[in-house]
Amino acid sequence: MEQQLEAILADHPRKREELIPILQEVQAEYSYLPTEAMLEIARYTGMPESRVYGVATFYAQFRFTPMGKKHTMVCRGTACHVNGAERILEEVEEQLGIKEGETTEDLEHSLETVACIGACSLAPCLMINNKVEAKMTINKVRELYKNGGE
Amino acid sequence: MVQLTDFQDLQRQAMADWESLHQDGRPIIMVGTATCGRSAGSLEVLDALRAATEKQEIDCHIFEVGCTGACYAEPLVYIIKPDQPAIVYGDVTPQLAPRLIQSYLIKDNPLPRYSIGTFGNGRIEGIPDLFSTPVFEPQARRALNRCGFIDPTSLEHYLANDGYTGVTKAFAIGPEQVIEEVKNAGLRGRGGAGFPTWRKWRFCRDAPSDQKYLICNADEGDPGAFMNRSLLEGDPHAVLEGMIIAGYALGASIGYIYCRAEYPLALERLRGAIKQAKEHGLLGDNILDSGFDFHIKIKEGAGAFVCGEETALIASIEGKRGMPTPRPPFPAVSGLWGKPTIINNVESLADVGLILQNGSDWFAEYGTEKSKGTKTIALVGKVKNTGLVEVPLGITLRELVFDIGGGAPDGKAFKAVQTGGPSGGCIPESLLDTPVDYDSLNAAGTIMGSGGVVVMDERTCMVDFARYFLDFAEKESCGKCVPCRLGTKQLLGILEDICAGNGRPGDIEMLEELGRGIKAGSLCGLGQTAPNPVLTTIRYFRDEYEAHIHEKRCPAGACKSLISYYINNDLCVGCTLCAQNCSTSAITGEFKGPHYIDQDICTQCGVCYTVCPKKANAVEIISPSLRL
Ligand SMILES: Cc1cc2nc3c(=O)[nH]c(=O)nc-3n(C[C@H](O)[C@H](O)[C@H](O)COP(=O)(O)O)c2cc1C
Ligand code: FES
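Going down the list, the sequences are from chains A and W.
Following my numbering, the numbering of the first sequence begins with 1 at its first residue and continues without gaps.
Following my numbering, the numbering of the second sequence begins with 1 at its first residue and continues without gaps.
Keep in mind that the hints were calculated from the coordinates and are not lab data.
As the structure is a computational prediction, the values presented were derived from the model and not from experiment.
Check the hints yourself; a few may be wrong.
No more than 20 Å apart at the CA atoms, straight line, and that leaves these computed lysine to any residue pairs for SDA-like [what the hints assert, rightly or not]: (1) W:K560 with W:T610; (2) A:K140 with W:V611; (3) W:K278 with W:A261; (4) W:K480 with W:T610; (5) W:K320 with A:K140; (6) W:K560 with A:T137; (7) A:K146 with W:N581; (8) A:K135 with W:K384; (9) W:K384 with A:K131; (10) W:K297 with A:R16; (11) W:K560 with A:K131; (12) A:K135 with W:P112; (13) W:K320 with W:K475; (14) A:K131 with W:A261.
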């Protein structure tokens, strides 16, 4: 872990405005913000750890538990809502056996909601590892996750 | 440094190349690969087209374009044969792609039934002219005029279509005259509030400072809207051009683009465009020998709606929690790091480029007395032709929803339309003749917002819809001021109770009183507008609230606690589809026999309702619930 983290940090000046980009890059590397990394970021930027956590917990993007191999994001935007997103989310939860914000024990799947994917004209949508699945139905969700989502 | 004359050479070359692209006798194939197209599978279609043309050994140009806005028909493919108009094919699949090549390019049969229209010179029998179809005819495509028609990764395509002539024009007339042009055009901010752009700029230009900043607000926080995304993905240089002009007018040498991280493709397009602009001397020091320096940095948002608000956005760029601060001081005087800062929306900036390219008179040709120009609108929800459109300000909501949008799908009845996202309000059928302009929408209790328009039909419950927005506002409230933090929570709690069948007499009045208090007492625009969806739905759909509270009935048949699904055995054909799909095994019945739902087991997931064959239509929604 040390090395990648150091490489990320070395790329940024020790300035407050670099904090969010650093957090974003660290999360992109590890899929979440590990406790040890948070400490290191605080040390590097010269900020109290509480402030680093303060910023990280403010923004919806940051998470403190690892992501599953397959990360599902169900859109909860207005267009998706009007087209039944709530039932889609329930079905995904049912299929994966986890709730929004959780990761399966085997780290295969994690599930989050997102404010809007931007494919609103093809609502309801969800995204699995950055691939958008549009015009979802309950049966399409079942299809997507059968055989463990292969 | 690149001299102006070098740039003019580049422009001439780009135009010559564009000309030869269209006249070298080779067919052109374009595929819409913006996020919407990709969601519908356009990259697979692109691969299939490439494979088919290679196999058939067809010498042609194939490139990716942005979104024309006809998202309902994605994936879209455009084929232009020499001396023929372009044919736009909709709903193209990887299977259809090779057939299009075989049939149109090789055998000259254009397969009209797969086409939604043509554009360019000439007509093709059996295919309508795209811009004369009901979806496109009422539109005025200006900010979107290149979107979907040029390769967004090509600076040359942009240059060949008037690109960066606004910058050279601005340098020729000087900053004061630029502000004057924008003033004469009557441009008002496209990000929400509709503040006159020139006036903000004036404050900032007149503020004495050694450093000023321009920020492009590409946070597009309205969930359900994607106008800015389409523009950034389909025509990124247009936004950069607007920024250069704005920076020049303000005397700002540094620009930021604050773009939401959920838009990876828009970010990629922007990074590519910035790189090209730098290489050709359109960004950097002493741009085209004008003496003006301008540098652009990208900041990725981290998923907070409130960061669309100006002071919160500034805090976020500074690396802090994105919490708003009281104004004054206004950012135009004291913004980023205490320096004069202007924040403009993506579309406002694209409009600035157009105004400089074509003149203020041209811009003001469209629009109303107080709202000039055109507006891009994301038309979504329960409407047939979902997508992105651009209309003259002043068009009515009815034209937007029915003429362009085609009304509600599946023969359902239209109920309401929401504009302005979480800050806006819901407009009923009786007010559909309201013109889409800043002031008329305000008078009807809603706002223009950034251009999201969500259509609802008879199956949308207005109480649930208000609950949805309050849930959003409550989650997104930054927590700094009490009226917003606790007020939205209270509103949400009451709405949840009503939807769950636990509403009490007096709840409506309580919602109204609380709503007014939150609007009056909140620190920033988020709280000041968060009650709007509740207040307008009460104003126009009070009977739905009353039915929920007093009769435990959801008239739209949407609130799960208040409905039951029921199989009408006079209509049931005994196909067993519902029983097969029911995940809780609540449905019993034999093949060709009657079917029954055990109400104690049913979770109201509604899958039986959706799978029941249309010709039978045996599953009914009953409210109040049979369980009560
Ligand atoms: C809670 C909140 C969210 C906002 N979100 C956005 C947004 O996503 N995009 C945007 O351009 N403006 C947004 N605005 C409006 C901006 O604060 C600002 O008015 C706008 O960017 C100014 O640009 P304009 O004058 O070009 O419209 C938001 C305002 C509030 C209060
Ligand atoms: S509302 Fe779901 S993609 Fe925008």
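Compare the distance between the alpha carbons of K480 (chain W) and T610 (chain W) with 20 Å, and conclude whether the hinted pair is satisfied. 44 Å, violated
Would you mind confirming whether the straight-line C-alpha gap from K320 (chain W) to K475 (chain W) stays at or under 20 Å? Satisfied, since the Cα-Cα distance of roughly 19 Å is no more than 20 Å.
Would the hint linking K135 (chain A) and P112 (chain W) be met if the CA-CA limit is 20 Å? This hinted pair is violated, its Cα atoms lying about 26 Å apart.
When you check the alpha-carbon spacing of K320 (chain W) and K140 (chain A), does it fall within 20 Å? 41 Å, violated
Check the hint pairing K278 (chain W) with A261 (chain W) against an upper bound of 20 Å on the C-alpha distance. 23 Å, violated
Is the straight-line distance between the alpha-carbon of K140 (chain A) and that of V611 (chain W) 20 Å or less? With a Cα-Cα distance of about 12 Å, the restraint between K140 (chain A) and V611 (chain W) holds, given a limit of 20 Å.
Verify the proposed pairing of K297 (chain W) with R16 (chain A), using a straight-line Cα cut of 20 Å. 16 Å, holds
Taking only the CA atoms, is the gap from K384 (chain W) to K131 (chain A) under or equal to 20 Å? 25 Å, violated
For the pair supplied as a hint, K146 (chain A) and N581 (chain W), is the alpha-carbon distance within the 20 Å limit? Measuring from Cα to Cα gives roughly 14 Å; hence the hint holds.
Would the pair K560 (chain W) and T610 (chain W) pass a check requiring their Cα atoms to be no farther apart than 20 Å? 15 Å, holds
Straight-line alpha-carbon gap K560 (chain W) to T137 (chain A), limit 20 Å: 18 Å, holds
For a C-alpha distance cap of 20 Å, please report whether K135 (chain A) and K384 (chain W) respect it. 13 Å, holds
Hints 3, 4, 5, 9, 11, 12 from the earlier list are contradicted by this structure; the remaining hints agree with it.
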